[in-house]
Amino acid sequence: MPAVLRVALPVPLPSLFDYLPPATGVACVGSRVLVPFGRHKLVGVVVAIGAEAAVGSSRLKQVLRLLDDGALLDPELMQTLAWAADYWLGAPGEAYANALPLALREAKPLPPIGDEYWSLSGAGRSEHDAGSRRGGSKALLDLLAAGALSAQELSERQPGWRDAARRLAAAGLLERSERPPLDRPLPPSLAPQLSDEQQQAVAAVGADLGQYQPFLLDGVTGSGKTEVYLALIEQVLAQGRQALLLVPEIGLAPQTVRRLRERLGVIVEVLHSNLSEGDRARAWLRARAGSARVILGTRSAVFTPLPQAGLIIVDEEHDSAYKQQEGFRYHARDLALVRARALGVPVLLGSGTPSLESLANAEAGRYRTLHLRARPGAIRPPQVQIIDMRAQRLEHGMSPALLGAVADTVARGEQALVFRNRRGYAPVLLCHACGWHAGCPRCDRPLTLHAGRRQLICHHCDYRQRVPAVCPTCGAGDLKPQGQGTERLEEALLAQFPQVPVLRVDRETTRRRDAFEQLLATLRDDQPAILVGTQMLAKGHDLPNLTLVAIVGVDEGLHSVDFRAGERLAQLVVQVAGRAGRARKPGRVLLQTHQPEHPLLRSLLAHGYAAAARELLAERRLIQLPPYSHQVLLRAEAPQREQVDAFLAAAHAALPVNAQLQIAGPMPAPMPLRAGRHRGQLLLEASNRSTLHGMLRSWQLALIALPSARKVRWSLDVDPIDLY
Numbered sequence: 001m002p003a004v005l006r007v008a009l010p011v012p013l014p015s016l017f018d019y020l021p022p023a024t025g026v027a028c029v030g031s032r033v034l035v036p037f038g039r040h041k042l043v044g045v046v047v048a049i050g051a052e053a054a055v056g057s058s059r060l061k062q063v064l065r066l067l068d069d070g071a072l073l074d075p076e077l078m079q080t081l082a083w084a085a086d087y088w089l090g091a092p093g094e095a096y097a098n099a100l101p102l103a104l105r106e107a108k109p110l111p112p113i114g115d116e117y118w119s120l121s122g123a124g125r126s127e128h129d130a131g132s133r134r135g136g137s138k139a140l141l142d143l144l145a146a147g148a149l150s151a152q153e154l155s156e157r158q159p160g161w162r163d164a165a166r167r168l169a170a171a172g173l174l175e176r177s178e179r180p181p182l183d184r185p186l187p188p189s190l191a192p193q194l195s196d197e198q199q200q201a202v203a204a205v206g207a208d209l210g211q212y213q214p215f216l217l218d219g220v221t222g223s224g225k226t227e228v229y230l231a232l233i234e235q236v237l238a239q240g241r242q243a244l245l246l247v248p249e250i251g252l253a254p255q256t257v258r259r260l261r262e263r264l265g266v267i268v269e270v271l272h273s274n275l276s277e278g279d280r281a282r283a284w285l286r287a288r289a290g291s292a293r294v295i296l297g298t299r300s301a302v303f304t305p306l307p308q309a310g311l312i313i314v315d316e317e318h319d320s321a322y323k324q325q326e327g328f329r330y331h332a333r334d335l336a337l338v339r340a341r342a343l344g345v346p347v348l349l350g351s352g353t354p355s356l357e358s359l360a361n362a363e364a365g366r367y368r369t370l371h372l373r374a375r376p377g378a379i380r381p382p383q384v385q386i387i388d389m390r391a392q393r394l395e396h397g398m399s400p401a402l403l404g405a406v407a408d409t410v411a412r413g414e415q416a417l418v419f420r421n422r423r424g425y426a427p428v429l430l431c432h433a434c435g436w437h438a439g440c441p442r443c444d445r446p447l448t449l450h451a452g453r454r455q456l457i458c459h460h461c462d463y464r465q466r467v468p469a470v471c472p473t474c475g476a477g478d479l480k481p482q483g484q485g486t487e488r489l490e491e492a493l494l495a496q497f498p499q500v501p502v503l504r505v506d507r508e509t510t511r512r513r514d515a516f517e518q519l520l521a522t523l524r525d526d527q528p529a530i531l532v533g534t535q536m537l538a539k540g541h542d543l544p545n546l547t548l549v550a551i552v553g554v555d556e557g558l559h560s561v562d563f564r565a566g567e568r569l570a571q572l573v574v575q576v577a578g579r580a581g582r583a584r585k586p587g588r589v590l591l592q593t594h595q596p597e598h599p600l601l602r603s604l605l606a607h608g609y610a611a612a613a614r615e616l617l618a619e620r621r622l623i624q625l626p627p628y629s630h631q632v633l634l635r636a637e638a639p640q641r642e643q644v645d646a647f648l649a650a651a652h653a654a655l656p657v658n659a660q661l662q663i664a665g666p667m668p669a670p671m672p673l674r675a676g677r678h679r680g681q682l683l684l685e686a687s688n689r690s691t692l693h694g695m696l697r698s699w700q701l702a703l704i705a706l707p708s709a710r711k712v713r714w715s716l717d718v719d720p721i722d723l724y
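If you're matching positions, the sequence shown starts at 1 in my numbering and goes up one per residue.
It should be emphasised that the hints constitute simulated quantities derived from the structure, not laboratory data. All the given hints hold, so there is nothing to weed out.
Label pairs and their computed distance ranges (CB to CB): (1) 400 with 148: 53 to 61 Å; (2) 605 with 178: 56 to 64 Å; (3) 400 with 235: 50 to 58 Å; (4) 139 with 366: 50 to 58 Å.
Yeah, the Cβ is synthetic: ideal placement off N, Cα and C, and Gly gets one too.
Whole structure, please, built from the sequences with the hints as guidance.
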């Protein structure tokens, strides 16, 4: 049999593909190649060289051409990706493709890794002097009038500048150039004096630089975890090594970049989906070359090459955004631990509300726990109070006590946050005469009323329709919105406090790139204001004049069928509460509920998150739920319910007989109809991870071979965090 190249291709198949070597050039493991695949040409990654083909050379196709002179992915990353594809049951080619920015998945030369600069052309200078441009174009011409600026500086000074740059460049008014990466350090700012707890945390992790050791930094919200990160990154840079910092949300990246750059005096490379593909590819390649010393990114940045790795930090490690929910379903926090072990560096998981998985690992001695219990600079932790909503007259879901507290806060010139984790105006539109409600025909769920757009929108499949003038069933005109979303709360608060700015922060108001930062920038630290927002506001934002947080809609998290609901509610309450009183002014938190005696709320109030988490862990251990057991969820969906049922029944029959394996299902998904497709699932559970994983690959191959598998869309989710 001929010696061949084994190639991973970006297709959803659990296999590698054999090709004959190209006519010219020598491929190496980790390099990209262009190959024929059916009627298409695909870019793949070489996984093995000199492998023995299973078929004769006459049946093999030849690699069309090499795309790289050497390996683009280093041995550590290749090994980690192979492990990840195996663990999360991903198609190998999709795992390798995930590691590459989109621009590097194309058959094009690697982009130069110099800094991108923009300047005015002669015509652009004349246009600026004439002052005929308006809006973003005028702002960009004004910025560049003093001289050329880098793309990174432009992103900081004029978010969303690229649209204007494209227009002006097409008109011949701007010129783009490349310059070598900046090697002179920027002036760093002075670090504040660390508290004793912060110093102990820095010393503990610093002592293990150069070897693998997981740390859990358990710090109450506002306790200064970021200062610990900065001090450790300084040590890593002093050793000439690289640091990778992961954050859960794109919205946290701009302010974190500024803090890192101001403190450390180095260029910070950023990797997230809001960047242009060219910028992402350049940042990735600079990290690979070792010239990028500090890399900040969201989930996918965990795949960044780190040839001189020194430290990996996962901020807000509990956040569910680290779990990929489509395609290759990896968990960035868990992959960060695997990479840290392979690279021989410490990994620091930080959170004010650690996940139960991380707390269980710390309890078992796998992680070392570091505590930050004090809030430097704050007078005291925020005072938390429960408002009993029973028998109260509510104004759009807000009690008199809540509205009174908001009034007192703005009267003092301070800011209040009214938190509701539901966007839109109202979750249900109801006919008062006959009981009809507006439902999604594709999901069998109520449509959410968005009053500003005069639309009913399904938050599951994005189905939209105009708001009817009368009831479609009985013709009555008495259609009433039921419940409250952020839009309705905003309207009510504007009516109640007409002299005070009311800012709504949710997915509707932050659709445009950098809109979140621009919204927060309109808040002056010394003015009264009311914010209305969803969980976007719960994470990491420092608002020094925010002293009141009022949480509306706590009860929904107390009655969910999801066993993780209690953990998520506790985390959300603590994270949102942590926005209050972060500077010198004391903070106050109000929880509105019809369940004031609920044990979880009482435990949170009396003893804090740590005690509530201990109780939740004890419950999980008692009934053998994760993290004390391990799960795999088989999901299936199809246009007809019969197709789903037939596939899941065949999948159940294909399971090996194993007394240690617990099987729930087949059963309808908690949301049985979504976007017009019927959904079902099968949940596997075992107390021993190896028991579960020992049979998964063979079961997956058996599922692929099932005739009924061709009639459904199905996926396997290892360690699912969402059973929907």
